[in-house]
Amino acid sequence: MIFRRSFVAIAMLLGIAAVCRPSFADDRSIVVASTTSTQDSGLFGYLLPIFKAKTGIEVKVIAQGTGQALDTARRGDADVVFVHAKAQEEKFLAEGFGVKRFDVMYNDFVLIGPKSDPAGVKGRDIEAALKTIQAKGAPFVSRGDRSGTHAAELALWKQAGVDIAAAKGPWYREIGQGMGAALNTASAMNGYVLSDRGTWISFKNRGDLDVVVEGDKRLFNQYGVMLVNPEKHPTVKKELGQAFVDWVISPEGQAAIAAYEIGGQQLFFPDADKKGS
Amino acid sequence: MPDHLSALQLILNADPTLLAIVQLSLSVSLAAVALAAAIGMPIGALLALTHFPGRAILVVLLNAMMGLPPVVVGLALYLLLSRSGPLGELGILFTPTAMVLAQTVLIVPIIAALTRQTVEDLWIEYRDELGAMDVGALGRMTTLLWDARFSLLTALLAGFGRAAAEVGAVMIVGGNIDGFTRTMTTAVALETSKGNLPLAMGLGAILIVIVLAINAAAWGTRVWSQRVTG
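Same order as they appear, the protein sequences are chains A and B.
Everything in the first sequence is counted per my numbering, starting at 923 for the first residue and increasing by one.
Everything in the second sequence is counted per my numbering, starting at 586 for the first residue and increasing by one.
Derived by calculation from the structure, the hints in this document are not laboratory data.
Positions of the beta carbon are idealized from the N, C-alpha and C atoms, including for glycine.
One thing to keep in mind: the hints can contain errors.
Now the stretches of chain A that chain B is said to cover, found in silico as 3 or more residues with beta-carbon under 8 Å [to be verified]:
| no. | segment |
| --- | --- |
| 1 | 981 to 994 |
| 2 | 1092 to 1104 |
| 3 | 1112 to 1126 |
Sample of chain B residues lacking proximity to chain A, with all beta carbon distances greater than 10 Å (derived) [to be verified]:
| no. | residue |
| --- | --- |
| 4 | I642 |
| 5 | L660 |
| 6 | Y711 |
| 7 | E714 |
| 8 | G746 |
| 9 | I762 |
| 10 | A790 |
Pulled out of the complex, with its shape left as it was, chain A reads as follows (with noise of 0.2 Å):
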């Protein structure tokens, strides 16, 4: 009876050791939002740190696609939001859950393909590339997540006088996943993918896959960020987040974007406008 009682108490004790231990760093703690492309990129391993160390305030980033990570944010669960799809912040903004947006930094999406190039779109024109990849019905893969690229993506084929949704077939693959699981998926399938450059670079299982198009103006993509609004979520931690949202648009955060490369590539280029939006 002792030892079943003693091992019923120890059980009891571990369980609730192992549930309590981490709630001790969470007051000087936040919560972003923010999309998979930062986070595959490594671009929040680099510059995590360096906030760190200067406020002692600790970032938790749940990397999701932009209209989820909106959306999270919309329920109260994230203090800041750090995403790349401009209509959709807004729209975010417009709706009172944003309290100001501020644009942080871009790069560019590329159109990444077979190094064989069996459409024939290789270029820099990306209109002209879509098209010619739906008319040979060449196999593209969309995130199909409501993600920035996602966004970025739809807009293009629009932009090209492609009516996805009509002219979507076999070839046309939306898989719902994240940038670097749709990099694998193309890369298992021989075919073309959208994907902004901060991915591409650091991703590592490219196979076959190769820069197509890149250096059409039509392929800038830029990331805003934002405090999420206290007065309809109260439980926005508005002064440490906001400590974020400033010194990620300082010189100082600016200058670490600028700073993170790989392999002697930038990934990002700072363009933090003070006044926001």
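Let chain A serve as the given structure and place chain B on it in line with the hints.
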């Protein structure tokens, strides 16, 4: 996690990030097993020893719930624990506590269903004896649970295996936050999405070895305590 290193190098260097992830995985899953045992074993024993209308339906339901999809459990808990949800005030979404809860929900049915079967089988053996000794309901329950303890170890291990292996629920309610809610399974998912397949595979191998070690330890304990207590 430094992704220029292979899983083997991470182990050899006793990489602090890797150790923290392993520690979190183990403490979350073990806490879930402890909680689920405290809830599931009495439920299973009670169900084994009582007879009431609708009992068969409950038993079938409990057995079916062993197959709860983790991603659905994760989503349901997410909606409950979100700041906009009914339990939002607790503020435990995206914390290890939420992950323990999710895994507990997943493995209570496993432990309860396996306990019910074990105790029911044992009860057939013990019925006359315990009946003759005029032992009360609570006494029967504790006696049977105690005498079935070696078989029940398998139920705990089944629960632990499920908890340690699942990724869907902890990903949703934990958020896979670096250094805070990243477990072995969510780290494997993340490295896969970064295209770092060798590191992902290596982490998977580490996880399997850990689960194996725990099962071996449980087996050893069983053999040892059977020898000691007879």
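Evaluated hints:
no.: 1; hint: 981 to 994; verdict: holds (count 4)
no.: 2; hint: 1092 to 1104; verdict: holds (count 5)
no.: 3; hint: 1112 to 1126; verdict: holds (count 3)
no.: 4; hint: I642; verdict: holds (30 Å)
no.: 5; hint: L660; verdict: holds (12 Å)
no.: 6; hint: Y711; verdict: holds (17 Å)
no.: 7; hint: E714; verdict: holds (19 Å)
no.: 8; hint: G746; verdict: holds (17 Å)
no.: 9; hint: I762; verdict: violated (4 Å)
no.: 10; hint: A790; verdict: holds (18 Å)
Hint check: a violation occurs at hint 9 only; the rest are consistent with the structure.
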